[in-house]
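Residue numbers (this note's numbering), protein chains in the order written: chain A, 3 to 482; chain B, 893 to 1346.
Be a bit skeptical, because a hint or two may be false.
Okay, derived cross-link-like pairs now, BS3-like style, lysine-lysine, Cα gap no bigger than 25 angstroms in a straight line [unchecked claim]:
id, chain 1, residue 1, chain 2, residue 2
1, B, K1199, A, K37
2, B, K1199, A, K142
3, A, K37, A, K142
Here are some chain A residues the structure puts well away from chain B; computed CB gaps all over 10 angstroms [what the hints assert, rightly or not]:
id, residue
4, D5
5, D59
6, A72
7, E73
8, R94
9, S160
10, A225
11, S284
12, P315
13, R481
Just so you know, the hints here were simulated from the structure itself, not pulled from any lab data.
Each residue gets a CB set at the ideal place from its N, CA and C atoms; glycine is no exception.
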Amino acid sequence: MQDLAGHAIDAAVAAGAGYADARVVTRRAQHVATKNGEVDSVSDSETEGIGVRVLVDGAWGFAGDPRLSAEGARDAAMRAVAFARASASRARTRVELVAIPPAEGEYAAIGRRDPVEVPLEEKIALCLRAEEGMRRPEVKITEATVRALREERVLRSSEGASVTQRFVECGAGIDALAVSDDGRVQNRSYPSAHGGSSAQTGWEFVEELGLDREAPRVGEEAAALLSAPACPSGITTIVVDAEQMVLQVHESVGHPTELDRVYGTEAAYAGTSFLKPGDLGSLRYGSEHMNITADPTTSLGLGTFGWDDEGAPARRQPVVEGGVLSGFLASRETAALIGRDLGGSMRADSWSRMPLVRMTNLHLEPGAGSLEDLLADIDDGLYLETNKSWSIDDKRLNFQFGTQVAWEIKNGRLGRMLRDPTYMGVTPEFWGRMDAVAGPEEWRMFGLTNCGKGQPGQHAHVSHGTSPARFRDVQVGVRS
Amino acid sequence: MSRALDLAERAARAAEGDEADVSVHVETSGFARYAASAVHQPTLISDETVTLRVARDGRVGCATTNRTDDEGLAAAARRAAEAADSSPVDPSFPGLQAPAPVPAVEGYDGATAALTPEDQAEAAAEAIAAAPDLGLYGYYTSGVTEIAVASTTGLAVSQAMTDVSVLALAASDDSSGYAEASSWRASDLDPAAVAREAAEKAARTRGAGQIEPQTFRAVLEPYAVSELLFYFGFTSLNALALLEGRSYLSGRVGEKLFHESFTVRDDGLDPVSYPKSFDLEGVPKQPVLMIEGGVARDVVWDRRTAKQAGDGRVSTGHALAPPAQAFGPIPFNLSMAGGDAASADELAELVGDGIYVTRLHYLGVVDPREGIITGMTRDGTFRIEGGKVTTPVVNLRFTTSFPALAAGLLGLTEEVTLVNRSDFYDERYPFGTLVPAVATDSFTVVGTGSGPGL
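When you get a sec, could you build the whole thing from the sequences and use the hints?
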């Protein structure tokens, strides 16, 4: 694989590229889904190919080819150069890259049991067992999924980078859908909605999730939601659970701090950012309790690597400190534009896509105390659990999120269950209303695999660690 | 024989001894994505994906590969067989599709297929040059997609499709306007005209004002209608959602739920859309009338949901490839009937006082059973006063009932527009909606956001 990448770079440079990098990727992935006690799908997929990225006269070109052969590598390189040359002749500006030392070495995920090698029978049995525990008369649909992935990625560049990285991921989740006789629908999920939670480690992660342990609660809560009262509308104090805080961090901190969005390159699709380059070090993002860190070295994180897809080494970096913007997620190109070394966050979702600025592992740092401590200081409020719906504007300011369930908080204690909760806010105002974050004992990390960006689109796998957090004076119960 | 069909038949032979079907996807595409009037994410993709489904005594397993030499296909067949052996019997598996003739459709244009990276870069440059006073953001893309399905029961069908889209967001710090155009023929598109439409719209958005949230009478351009209709179609016009009680139509088929001018069909054979001859199980495409004069009539079906319904249902040809069938059948060729308005401006006259919406952003389904959708407007939101589109307003947070919007239709344009709905994730598969601009008496705004612009 190293030789193929080198061959592509030689061909690109010979054809006129001023810079070239090549990624050779082989991936194997498995997915098992069961539904209502039957196997819904069992799939085992593999893909391989080479992606070559070049700069010709300061303009980018990229081409991917599935053939792992000298011919495939050369063709990808030549097509990338031709595309870059076609753009370069019309470009008004030249792309510049901040200098980094050439990366060299190997990285490998740590895990005890290779999840791809776990027999499919075992995966299916786990799903069916977990489903069984969710069954209730009101629960019409039970679902369980597990996933496993193994990937080897080689990167070489014309500047001398040469790294080999081996990634392993696995994850799982369960969902219960309850339907009432008059057609109302409610759902509950564990450990996270939208496909469960994943980590970069061995199968032991899935076993430790305890799907069958949690299944009875998930089924019971889905059924109970059918007869729960609706979440009222109003302004109140909310405590957001760790799982929903993942989405809050992802959508209202992660995406707006991507420096390519700040410079507008996602304007037509994912959107831009309310942040400007000059906000670094001065913009008040939230309260003093808000500390956000980008950390591609986090153990088990889906965004953990040795080097990003440009060869920048993994490095922990603050993004928000004490409520003040202190970092961006960057690439070599955007770092050159802002004139700061901000670490590397360039990732591609496959050999056939260009790397983009993506989140790695982006965490809300824990505060102090337990969840009960957060609740204790609330006379009247809501505790919101597990994401259900989400939407945020193109500058990442105005958001409306929904969760699967809310629990009344009365005099510092959790009370009755409420259905269909939603809350909305404006990013810096909302984070400014955060007056407490629970401590390390409540901190959990979730891995999600559905972060979309780019045209053509790419799915990133990212992790977020969060604790439950408390926000004052929030609009809840938005109605159509 | 097409490359895709050759691969499909080779893969089916690799599964010798088993009952198997194969879907193949071959893509060659180019993407000249631009921002701030410069190409910045130019991507050329070439790939072949083979999905092999093996059934052994009612046990089913799938494997996917892009290694298309004999060794790669044989390995995929082994992995699919292992997956089947690992599974319990699947009582919902409907068996393999029997060979059946598929309709001839349009949707392939040799000139579009022949576009080179230089042509794609040139088209992007034409768009950029047409908006000299603003930054242009978007893309020009074209591609060729070959789909084939073959099986050990003798099924062997294939189709080649072309598609081309140009998307333009013309923007400055305080203005932004949007336009796009799509077709399967590049000659139908004028990238410069799309960019000019976006720039002209942007120029009208400067100085956007606030507006009090409420339920408005509104005009929605086809870009906005398309996105709402597709979200509604994905969650409600889908047989799996219907059977599971998650669809707005669950228990309501046969009822008049919408305005009599609201008629929706899915028609893969329509040459004005992205025509499709068969679905990803090889079932011939059938036009499906889903909402007729406001009355819910039907949804789209695949073979698995048809078996599940158990009432003599048959697939309408809307299956995804086997590993993705958990989503249920998808209406990839949604088409909404037009009305008699000559233009969106004429619709504004019907509205009187309200808002005008060009485009939406980041939709989320709050309640699929009730068809409640949230999102933002962007890149061209205006007041309508006295029947005229007047001053710009900031981006608006809406949380609205799509059924209420469709029940409150005041008018529709006669012209319908093909709006691309693919975001080009994973394998390229052209799809879009054919929709008019509409006027409605029910579009609920619950908050306001930032102004137009970057």
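Status of A72 (chain A), Cβ more than 10 angstroms from any chain B Cβ: Check passes; 15 angstroms lies beyond 10 angstroms.
Least C-beta distance from D5 (chain A) to chain B larger than 10 angstroms: holds, 19 angstroms
Exclusion check [D59 (chain A) not at the chain B interface, CB over 10 angstroms]: D59 (chain A) clear of chain B: closest Cβ-Cβ about 12 angstroms, beyond 10 angstroms.
Least C-beta distance from S284 (chain A) to chain B larger than 10 angstroms: For S284 (chain A), whose nearest Cβ neighbour in chain B is about 19 angstroms away, the distance exceeds 10 angstroms, so it holds.
Status of P315 (chain A), Cβ more than 10 angstroms from any chain B Cβ: P315 (chain A) is indeed farther than 10 angstroms from all Cβ atoms of chain B, at 24 angstroms.
Given as non-interface: R481 (chain A), partner chain B, CB spacing beyond 10 angstroms: Non-interface label on R481 (chain A) violated, nearest chain B Cβ at 7 angstroms vs cutoff 10 angstroms.
Pairwise hint evaluation, K142 (chain A) against K1199 (chain B), where the allowed Cα distance is 25 angstroms at most: holds, 18 angstroms
Chain B versus S160 (chain A) - minimum CB to CB distance exceeding 10 angstroms, so not interface: holds, 18 angstroms
Chain B versus E73 (chain A) - minimum CB to CB distance exceeding 10 angstroms, so not interface: holds, 12 angstroms
Satisfaction of hint between K37 (chain A) and K1199 (chain B), Cα-Cα up to 25 angstroms: Distance of about 16 angstroms is within 25 angstroms: holds.
Distance restraint between K37 (chain A) and K142 (chain A), which requires alpha-carbon spacing of 25 angstroms or less: holds, 10 angstroms
Assertion that R94 (chain A) lies outside the chain B interface [Cβ separation over 10 angstroms]: violated, 6 angstroms
Going through the hint list in order, the structure does not satisfy hints 8, 13.
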